[in-house]
Amino acid sequence: MRLTALSLVMFLLLPGAAGAQLQEVRQTIFGMD
Amino acid sequence: MRVAVSKINGIDSVAVSLNRGVAVIRLKPENRVTLERVREAIRANGFTPKEAEVRARGTVVDDSGHLALVMPGGDVAFRLAPDSHALGIFGELQHLRDQDVTVEGRVPETARGAREPVVLQARALSKSPTR
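Residue numbers (the working numbering), protein chains in the order written: chain A, 328 to 360; chain B, 4 to 134.
Treat the hints as calculated values from the structure; they're not laboratory data. This one's a predicted model, so the numbers in the text were calculated from it and none came from an experiment. Backbone N, C-alpha and C define an ideal beta-carbon position, used for all residues, glycine too. Warning: the hint list may mix true and false statements.
[Unchecked claim] Label pairs and their computed distance ranges (CB to CB):
{"#": "1", "chain 1": "B", "residue 1": "A127", "chain 2": "A", "residue 2": "G358", "range": "28 to 34 Å"}
{"#": "2", "chain 1": "B", "residue 1": "K10", "chain 2": "A", "residue 2": "R353", "range": "18 to 24 Å"}
{"#": "3", "chain 1": "A", "residue 1": "G358", "chain 2": "B", "residue 2": "D65", "range": "38 to 44 Å"}
{"#": "4", "chain 1": "B", "residue 1": "E95", "chain 2": "A", "residue 2": "G358", "range": "36 to 42 Å"}
{"#": "5", "chain 1": "A", "residue 1": "E351", "chain 2": "B", "residue 2": "H98", "range": "20 to 26 Å"}
{"#": "6", "chain 1": "B", "residue 1": "H88", "chain 2": "A", "residue 2": "E351", "range": "30 to 36 Å"}
{"#": "7", "chain 1": "A", "residue 1": "G358", "chain 2": "B", "residue 2": "D86", "range": "25 to 31 Å"}
[Stated by the list, open to error] With the Cβ distance kept under 10 Å, some of the chain B side facing chain A (calculated, not the full set):
{"#": "8", "residue": "M4"}
{"#": "9", "residue": "N34"}
{"#": "10", "residue": "M74"}
{"#": "11", "residue": "L96"}
[Stated by the list, open to error] To list a few chain B residues with every Cβ distance to chain A over 10 Å, as calculated:
{"#": "12", "residue": "N12"}
{"#": "13", "residue": "A84"}
{"#": "14", "residue": "Q124"}
Sequences and hints are given; from them, build the entire structure.
If you want it as structure tokens, here you go:
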């Protein structure tokens, strides 16, 4: 995936400052296949 | 299924209600878990994951002309689109580009092994607190 140059600089200079994490998932599920 | 999802590194808790047809999964801070990884574990146990409601924290970037929420290292976690009931949120996302935000929204069902980015239909948005 291509990212903007600024974003790449942020990842290189500020590890941990530019991250994404799932925090909560409410996943709908259907029963057995 | 609960045990299988719990074993994924970065999962904090899993509660499954088969009567309501929903699994509520909470994740640890700084985890690297993807929604597709969770859905794979669900499929591996004979269930079919449908749509999901998620809350995710990340950085809004421009990815080839599309807004996206990215993970450390630059992998795109979600492509961002406005929820049909919150179209105004797209303008807010544009203004928050390259900032750390928390996004809530709906992720439709995806085909197994789909290669296109997973779309998060954003419904609510806030700036993340300082880490």
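Consistency of the hints with the structure:
| no. | hint | verdict |
| --- | --- | --- |
| 1 | A127/B with G358/A: 28 to 34 Å | 30 Å, holds |
| 2 | K10/B with R353/A: 18 to 24 Å | 20 Å, holds |
| 3 | G358/A with D65/B: 38 to 44 Å | 41 Å, holds |
| 4 | E95/B with G358/A: 36 to 42 Å | 38 Å, holds |
| 5 | E351/A with H98/B: 20 to 26 Å | 25 Å, holds |
| 6 | H88/B with E351/A: 30 to 36 Å | 20 Å, violated |
| 7 | G358/A with D86/B: 25 to 31 Å | 27 Å, holds |
| 8 | M4 | 8 Å, holds |
| 9 | N34 | 5 Å, holds |
| 10 | M74 | 4 Å, holds |
| 11 | L96 | 14 Å, violated |
| 12 | N12 | 13 Å, holds |
| 13 | A84 | 16 Å, holds |
| 14 | Q124 | 14 Å, holds |
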